[in-house]
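> Sequence:
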Amino acid sequence: MTLSVFANSKAQQVIKHAVNAYGANKLNTLKNIKVHDKQLHFSQWQSGHAHQGDMVSYLNEQQLEFAIDFSNQRKVFKRATTYLVGGHGSNSPSILHRLYSDGKGYTVDHALLQTILSQRVTFENVDLGQSLLVDTLIVKQLNKDKAASLWSDIAYIQGQAHDVLTVFAGTKQEYVVYINRQTGYLARVLKRQGGQLASYDFLNHQHSKGLVWAKQVFAGTEKGPLFYTDNRKVEFNGTDNALFSLPENYRPRPKVSPVDVSKHTIRELAPGVYYVGKGWSYTLFVDVGDYFISAGAWQMAEQNQDWSNNVALLRQTTGSDKPIKQHVISHHHTDHLMGVKDVLAQGAALIIHPNDIKAVQTHLNTTLEEKQLIKVSKQGQRIAGKLQLFDVPNSHANHNLVIYLPEHKLLFTEDMFGSSFKKAFNSPSNWPDLDAFHRLKLLSDKINQLGLDVEQFVSSHHYRVLNKAELEQAKAITLHAKEVLLDRVF
264 MTLSVFANSK AQQVIKHAVN AYGANKLNTL KNIKVHDKQL HFSQWQSGHA
314 HQGDMVSYLN EQQLEFAIDF SNQRKVFKRA TTYLVGGHGS NSPSILHRLY
364 SDGKGYTVDH ALLQTILSQR VTFENVDLGQ SLLVDTLIVK QLNKDKAASL
414 WSDIAYIQGQ AHDVLTVFAG TKQEYVVYIN RQTGYLARVL KRQGGQLASY
464 DFLNHQHSKG LVWAKQVFAG TEKGPLFYTD NRKVEFNGTD NALFSLPENY
514 RPRPKVSPVD VSKHTIRELA PGVYYVGKGW SYTLFVDVGD YFISAGAWQM
564 AEQNQDWSNN VALLRQTTGS DKPIKQHVIS HHHTDHLMGV KDVLAQGAAL
614 IIHPNDIKAV QTHLNTTLEE KQLIKVSKQG QRIAGKLQLF DVPNSHANHN
664 LVIYLPEHKL LFTEDMFGSS FKKAFNSPSN WPDLDAFHRL KLLSDKINQL
714 GLDVEQFVSS HHYRVLNKAE LEQAKAITLH AKEVLLDRVF
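Per the numbering used here, the very first residue in the sequence shown carries number 264; after that it's consecutive.
Certain hints may be false.
DEER-style ranges, computed between Cβ atoms [as the list claims (entries may be wrong)]:
1) E324 / S583: 49 to 57 Å
2) R455 / N711: 49 to 57 Å
3) N567 / Q336: 38 to 46 Å
Lysine to any residue pairs mimicking SDA-like chemistry, simulated, CA-CA at most 20 Å apart [unchecked claim]:
4) K454 / N388
5) K367 / R514
6) K407 / T292
7) K672 / R727
8) K301 / V752
9) K409 / L453
10) K297 / N388
11) K704 / T741
12) K297 / D332
13) K472 / N500
14) K541 / V524
15) K649 / V551
16) K604 / K621
17) K454 / T434
18) K541 / E565
19) K641 / P617
20) K672 / L705
21) K704 / L715
22) K297 / Q336
23) K472 / H299
24) K279 / A418
25) K409 / V282
26) K367 / I379
27) K454 / T492
28) K685 / I529
29) K621 / Q635
30) K588 / A611
31) K634 / P617
32) K496 / Q393
33) K585 / G648
34) K478 / L303
35) K297 / H468
36) K407 / A432
37) K686 / P515
38) K585 / Y554
39) K704 / A739
40) K486 / W308
If you're looking for bench data, these hints aren't it; they were derived computationally from the structure. Note that this is a predicted model, so its numbers are computed, not measured. Just so you know, even glycine gets a beta-carbon here, dropped at the ideal spot from N, CA and C.
Make the full structure from the sequences, and use the hints.
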């Protein structure tokens, strides 16, 4: 007997032990399953306050409900994410509701009371892989994959011996399972997720209707924890048919068309005011007489040269060789600072809120001279007689400088609000769009407070420039309370 044959034979014995532990024939003939879960998710993302540094730890609570009807090939997935710790503007949850029934996939928008028929939603992907993190279903799948399973080792978890099996070894589908030698319960799974090896540990196994599931699950990578749940509930062979139906009185979403942002473009929004960029990165250039002032230097990385490419297109189109002497730093997030090295290489000074100077110097790994800094802290402070700047503090960024051009009634913002569609707006069901709607309210309040007359609303992340009527349309979209949204989805 070869080593591989021995390893597969031993693996099949271990799998048989696990299948018997999880219900044997009851597991193999499982008709449907319903899972309720509340998970604490951990991640790293941008800080809300410059004193925290660039990135901080976020904590989200995800309330989950999903069900699978194996007999009729139906599946539903519901998730409400409440942002507990991080740079969020409210406790309103983002809501995701997807289902697959009668051969069709849908998403449901509970903020706008709409349904969306989607070919992208399939039986396999409805639950975004959550069913693959239920130990009962992992063992059920493992039994199907037993021919591709190899026994590889013994591992000790909490002092108890576990057989280690590798499934689909050396392929993209590879995963590793740890089966308790005594109980047959699944204790751990290893699989690749986003280029990292993730470890999922299953604890506190429960029994119901002759089947087994783990009440607690912990997931993490070498970089830290991903999520933890300590009160998972699983129901077998009792799923309600109503779960697989679309909500009554919801209407189909009208077709929306995204803006084509693939081409590098330049537009003159007003005399001497140019808007240049593509994709997710746009720069505003304002001719103030002898020189230009720029704003917007977002890039994926410093070497991308988006800002420099925008300067080149400005020069090519206008024929002007006026220097760019000043650049507005809106806030402290490093993605918006990625083009600043190229800005400084042009000899420009930075127009910046004083509290963001340290963050910029940390990002650049250099100390800026006083002549390189133009500090703005007063509301409505004027620059070069043409730009008026004011600060809109929010949970995303504790200081966010907004540019207003009184002569042209034009407002330029970064990470405040915009739309990627030709006519419609993104739904407040999802994050970060949900948070952007809250920032829009703060921005609108500031505009009213200062008595500004604005006809063009420009966002550094969006090609589309909004007019006053369109902004009023966006402001009219209702932002529902947490209790309302949770009641709708669950």
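> The structure should be examined with respect to each hint, and the outcome stated for every one.
Okay, the hints, checked on the actual structure:
no.: 1; hint: E324 / S583: 49 to 57 Å; result: 53 Å, holds
no.: 2; hint: R455 / N711: 49 to 57 Å; result: 51 Å, holds
no.: 3; hint: N567 / Q336: 38 to 46 Å; result: 44 Å, holds
no.: 4; hint: K454 / N388; result: 17 Å, holds
no.: 5; hint: K367 / R514; result: 17 Å, holds
no.: 6; hint: K407 / T292; result: 13 Å, holds
no.: 7; hint: K672 / R727; result: 17 Å, holds
no.: 8; hint: K301 / V752; result: 15 Å, holds
no.: 9; hint: K409 / L453; result: 17 Å, holds
no.: 10; hint: K297 / N388; result: 16 Å, holds
no.: 11; hint: K704 / T741; result: 11 Å, holds
no.: 12; hint: K297 / D332; result: 9 Å, holds
no.: 13; hint: K472 / N500; result: 9 Å, holds
no.: 14; hint: K541 / V524; result: 5 Å, holds
no.: 15; hint: K649 / V551; result: 7 Å, holds
no.: 16; hint: K604 / K621; result: 15 Å, holds
no.: 17; hint: K454 / T434; result: 11 Å, holds
no.: 18; hint: K541 / E565; result: 16 Å, holds
no.: 19; hint: K641 / P617; result: 11 Å, holds
no.: 20; hint: K672 / L705; result: 19 Å, holds
no.: 21; hint: K704 / L715; result: 15 Å, holds
no.: 22; hint: K297 / Q336; result: 14 Å, holds
no.: 23; hint: K472 / H299; result: 17 Å, holds
no.: 24; hint: K279 / A418; result: 19 Å, holds
no.: 25; hint: K409 / V282; result: 11 Å, holds
no.: 26; hint: K367 / I379; result: 11 Å, holds
no.: 27; hint: K454 / T492; result: 19 Å, holds
no.: 28; hint: K685 / I529; result: 18 Å, holds
no.: 29; hint: K621 / Q635; result: 13 Å, holds
no.: 30; hint: K588 / A611; result: 4 Å, holds
no.: 31; hint: K634 / P617; result: 14 Å, holds
no.: 32; hint: K496 / Q393; result: 14 Å, holds
no.: 33; hint: K585 / G648; result: 18 Å, holds
no.: 34; hint: K478 / L303; result: 14 Å, holds
no.: 35; hint: K297 / H468; result: 16 Å, holds
no.: 36; hint: K407 / A432; result: 15 Å, holds
no.: 37; hint: K686 / P515; result: 17 Å, holds
no.: 38; hint: K585 / Y554; result: 5 Å, holds
no.: 39; hint: K704 / A739; result: 10 Å, holds
no.: 40; hint: K486 / W308; result: 14 Å, holds
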